[in-house]
Structures are given as C-alpha cells and as structure tokens.
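Visitor: So the sequences go chain by chain: A and B. Quick note on numbering: the first sequence equals residues -4 to 163 in the working numbering. Quick note on numbering: the second sequence equals residues 79 to 411 in the working numbering.
Honestly, the hints are just simulated from the structure, not real lab data. Treat the hints with care, as some may be off.
Claimed, not checked - Below, a list of computed lysine to aspartate or glutamate pairs in the EDC-like style, where the Cα atoms sit at most 20 Å apart: (1) Lys35/A <-> Asp55/A; (2) Lys130/B <-> Glu184/B; (3) Lys130/B <-> Glu98/B; (4) Lys145/A <-> Asp323/B; (5) Lys351/B <-> Asp151/A; (6) Lys312/B <-> Glu155/B; (7) Lys19/A <-> Glu78/A; (8) Lys35/A <-> Glu73/A; (9) Lys266/B <-> Glu120/A; (10) Lys133/A <-> Asp151/A; (11) Lys19/A <-> Asp92/A; (12) Lys351/B <-> Asp119/A; (13) Lys154/B <-> Asp113/B; (14) Lys150/A <-> Asp119/A; (15) Lys351/B <-> Glu391/B; (16) Lys20/A <-> Glu79/A; (17) Lys150/A <-> Glu62/A; (18) Lys22/A <-> Asp1/A; (19) Lys150/A <-> Asp163/B; (20) Lys351/B <-> Asp92/A; (21) Lys351/B <-> Glu62/A.
Chain by chain, the residues run as shown.
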Amino acid sequence: MRLSMDLELQDIPGQLMQSLEPFKKYKGNIISVVHHRDRKTPRGTVPVQIVFEIDPSNIDNVKKHLEENGIVVVRAGEDRFIEEISVLLIGHVVHSDLGDTINRIDSTGFAEVEDLSLRMPGIDEPSSAYMRIRATGKEEIGTSLSILRKVGAEKDLLVIEPIEAEKI
Amino acid sequence: MREVRISLVGFGIVGHGVLEVVRRKRELLKDMGLDLKVVSVTDINGTLFDEKGIDPQRLHGARTLEGIANLGIIGKEAIQEIDSDLVVEVTPTNIVHGQPGLGHIEEALSQGKHVVTSNKGPLVVAFNHLKELAQDNGVMLKYEATVGGTMPLISLIEKNLVGNEILSIRGIFNGTCNYILTRMMEEKYTYSYALTEAQELGIAEADPAYDVDGIDTAGKVVILANSIFGMDVKYDDVNVTGIRDITPEALNLAWERGYLIKLIGDVPTLTVKPMLVPRRSPLAVGGTLNVASIETDLSGTITVTGLGAGSIETASAIVSDVVSIYTSRQIDA
Ligand SMILES: NC(=O)c1ccc[n+]([C@@H]2O[C@H](COP(=O)([O-])OP(=O)(O)OC[C@H]3O[C@@H](n4cnc5c(N)ncnc54)[C@H](OP(=O)(O)O)[C@@H]3O)[C@@H](O)[C@H]2O)c1
Chain A
-4 MRLSMDLELQ DIPGQLMQSL EPFKKYKGNI ISVVHHRDRK TPRGTVPVQI VFEIDPSNID
56 NVKKHLEENG IVVVRAGEDR FIEEISVLLI GHVVHSDLGD TINRIDSTGF AEVEDLSLRM
116 PGIDEPSSAY MRIRATGKEE IGTSLSILRK VGAEKDLLVI EPIEAEKI
Chain B
79 MREVRISLVG FGIVGHGVLE VVRRKRELLK DMGLDLKVVS VTDINGTLFD EKGIDPQRLH
139 GARTLEGIAN LGIIGKEAIQ EIDSDLVVEV TPTNIVHGQP GLGHIEEALS QGKHVVTSNK
199 GPLVVAFNHL KELAQDNGVM LKYEATVGGT MPLISLIEKN LVGNEILSIR GIFNGTCNYI
259 LTRMMEEKYT YSYALTEAQE LGIAEADPAY DVDGIDTAGK VVILANSIFG MDVKYDDVNV
319 TGIRDITPEA LNLAWERGYL IKLIGDVPTL TVKPMLVPRR SPLAVGGTLN VASIETDLSG
379 TITVTGLGAG SIETASAIVS DVVSIYTSRQ IDA
C-alpha cells in the first residue's frame, strides 16, 4: 500500500538518516523523500515528506519507532495524489466562473486543484491564474489537462502547460 | 582547387551577408581546396554578372542593384541563362505559395544546380517535391539556415547524430518572440510596449504578425517534420497559438513558481504554443536566442542554442552548407 507521512525533524545532523531507519526495519519501500530545509517551522524544525510503500500492519510500528527517536509525525495516511503538474491560465479567469473551472477538475475524483494564485491587474483586463493539479497517476494528469484545454476553449482562456506535460 | 560558380538570388540582409562571408573567408576556403566565385547577384532590379567572379568593391555600400545591374534578366530566367554550379536562394519567405523562391529553386534543381537556401517558403510548401527534384537531377538541396539560423540543427542530426532515431525536437525557433517575452518578464513591460521596443531595435518587423502569431515557428516545425521525421505535412497541419495574449502578470506568476513562458515549437506533435519552461531547463534561454532540444534513442537529449537571425550569422550557415556539398564524400560499394 502506498502511503505518505509528514514529519518534522530537528535541524541537527543525522536526523534525516535516523528518520529513514524504521522504514527499513519494517520493510518499507521508500519512493520519495522531500526535505523542506527552506521551510523551517516556527519551532525550528524542518518539514519532511516521505512517500513509501509498506504492509499496512506495520505502519503503527514505524510511527512508534519514529516518535521514540524524538521525531514528530504530523500526518500519516494514504497518498492518493502522487503526480502533480503546474498550469497557468490567462484571460477572464475569474469572470468566467473560476469556481466552475476548478470544480471540473475536482469533480473527477481522481484529481484536484490546489495552490491557486491569481493576478488581476484591473477590471476588463485579462487576469491570470496559476494552479497546481494533483492526481492519482500520470494518466489522470493527462486527462485533467484535456479537461482544462476544453474548458479553456469554451471560456476563451489561454491554457499554458509545462513542457514536461507533453511527455505524459 | 575546386572552382564553385555561385549565383546569388536575393540581395537583402542575408544576400549581403553571404557576399561578405565569402569575401572574408576566401583564404580559409582556398586552404580547404575551394574557390567560391559569386558570378552573379540578382534582385528585382536585374542581375550583376561577371564570369570571373564579382569584385566585392563593385557592390560596396550598395543596398540594391539599382544602377549597378548589367543584365536585365531576373528570377528563373537569370538562373537559366547564367552558367553556375550552385544557386544561393535568399529572397523573401512566403509560406502560402512559396514564391518567388519556389520557382527559383525548381528551376535551379532542374538545371542540375545545387541549391542552398535560407528561404522557408518553398520548403514549407513543397519540401518532398523539391527533395525528389534534387535527387532526380543528382544535385543537393541544403537549408540549414531556414531553421534556427546559425544554430546547427539539421546538419547536427544528419551528420553527428546519424544512426539515432530522433524521438522529438522542441525548442524556441523565433528570436523576436523570445526577445519580447524576455523583456516583458525582466522589465514588466506590457506586450505592446515590448513589441514597440523590439521594432525600434529592428528585431521585430513593422507588421509583426508573422513572428508573434507563431507563423514563422510553425513553418520551421513543418520543415523539421518533413526533413527529419520523414513526414508529409503542411502548414495547416500545425496547431498554432502565438504570444499576443501573454501578460506581464502571467510571466511574473510563472516566475514565482520557477517557470518562464516561451513560445515552443514541437515535432512530431506539430504544435506551436506558449508553454511553461522550468527556469533551470536548458530551453530557458533569453534575448533573441534560439534553442532546440533533440530527444534521441541512443544519445539521450541534446540541446543546442545560438542566434536564429542576423546577416552574417545566417550567411555563415549558408556558406557551411555550400562547403559541405563539396566536402561530403560518398562511398560507393
Ligand atoms: N534576416 C535574417 O536574419 C534571416 C534569418 C534566417 C532566414 N532568413 C530568410 O532568408 C531570406 C532572405 O532574408 P533577408 O532578411 O535577406 O530578406 P530581405 O532583406 O527582404 O531581402 C530579400 C531580397 O530578395 C530580393 N527579391 C525579392 N523578390 C525577388 C525576385 N523575384 N527575384 C530576385 N530577388 C528578389 C529583394 O529585392 P528588393 O529589396 O529589391 O525587393 C531583396 O534583395 C528570407 O526568406 C528570410 O525569411 C532571414
């Protein structure tokens, strides 16, 4: 089963290696480790996200082991959205019902829009929106992009995709 | 010493550059065993002809051949009449009907003359027809300067990457668009302000549609598709979106998330559209630069970058093509 865990590590040498130990011990297969050294918490800890595969019966043991080592487990659970992509929209993004645009992705059940930022220079001027779409897999990212292209054509929005997207 | 008699058709920015590069590199070319002689120059006013090779002094400072031409013939007639081995075709591009270049190139190839060109029009309209015509007449048609100007792309693939399967080519093939988007990003200029600046600097034409609407890039996509991917496609097969709707706010939003916005041409998907390019990507080049990433089966992805336009730069690609015609050896079984 594929899971993800958000941890908070002390900013001292050796902590990251120590945090990976219990995964090894309980035969977890680590898929990715994202170390957010640049996003320290107010408590001075460093957030780390680990995505891994493990027999679900072992997850509690991993948690316990981590906590014994003084590592804070902020969240642990199933990781559904393992792929993500950035997209930019230009046009009358807000007045063409941004809520609906987002809902067209969210309502698929396999993808959702997160991390939305807007720039609205003035009334009647085109605005732009950056969004990150997360989905359950590469194929679902591809489908989400097709949906966005269609919405873009309908609402006269320019949809700007990243170059990596073409490879999906 | 191999003498090569060249007819230059078109005496504009690139035509002047060709004369200059041939003049400057005369000794170097002779060391390679090539005596390049430009025996005629043609523009719409007429033709200047000298069978001993035109003395560059005679054209010094002249913008056109008005008052200089010594023959009243132009176009196909000039190509037919003048005894030459090779035609350099550098007249204006028209990607709808390909003329006048298409007629010039057909005439030259049919006469058994090699052709080197920077003119996209004829290749966009009739690539496969011209390739066949060259083959039937036992001559070569070379066109490195049509895509990416001085940036080696076609010869790189045909020579250095030979044996590789080319999976895709994507890149920035229009320096004008790249310049406008770069200035909008760096200076927060609006599209129209950046365009005006580009026009004042001579980077954009008075009528910018050909560049900013992606037409020029799409023409290059067609040439790459037909020449490198062996496809048989036309301009209308390319899905094209230009850069007019890009705003400085969108560029700024992209930048904050680690991206630039660039007009990207892609083969074999046959698309031209603005795309997000990661700031650290090798495709993230600024100013008027062109860039292409070639994805291959054996050599991985190779990226080349360079100036896509300019008189001397474009002429250098043309002269390289001329030299390669006379230095490439064919091994008979
Ligand atoms: N400039 C670049 O950096 C660059 C880069 C890559 C590719 N290219 C391509 O290279 C070609 C030449 O570009 P350029 O910038 O040199 O264009 P240009 O400055 O407009 O020059 C075109 C020349 O062709 C002449 N011409 C027009 N019709 C003719 C005809 N029927 N017969 C003979 N000559 C004729 C023009 O004469 P008049 O001036 O008397 O009309 C002029 O001398 C174009 O196809 C362009 O797309 C240019």
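Visitor: Hint by hint, note whether the structure agrees.
Guide: Now the hints, each set against the structure:
no. : hint                  : result
1   : Lys35/A <-> Asp55/A   : 26 Å, violated
2   : Lys130/B <-> Glu184/B : 26 Å, violated
3   : Lys130/B <-> Glu98/B  : 17 Å, holds
4   : Lys145/A <-> Asp323/B : 18 Å, holds
5   : Lys351/B <-> Asp151/A : 15 Å, holds
6   : Lys312/B <-> Glu155/B : 29 Å, violated
7   : Lys19/A <-> Glu78/A   : 24 Å, violated
8   : Lys35/A <-> Glu73/A   : 24 Å, violated
9   : Lys266/B <-> Glu120/A : 16 Å, holds
10  : Lys133/A <-> Asp151/A : 26 Å, violated
11  : Lys19/A <-> Asp92/A   : 48 Å, violated
12  : Lys351/B <-> Asp119/A : 24 Å, violated
13  : Lys154/B <-> Asp113/B : 25 Å, violated
14  : Lys150/A <-> Asp119/A : 15 Å, holds
15  : Lys351/B <-> Glu391/B : 26 Å, violated
16  : Lys20/A <-> Glu79/A   : 30 Å, violated
17  : Lys150/A <-> Glu62/A  : 50 Å, violated
18  : Lys22/A <-> Asp1/A    : 19 Å, holds
19  : Lys150/A <-> Asp163/B : 57 Å, violated
20  : Lys351/B <-> Asp92/A  : 24 Å, violated
21  : Lys351/B <-> Glu62/A  : 50 Å, violated
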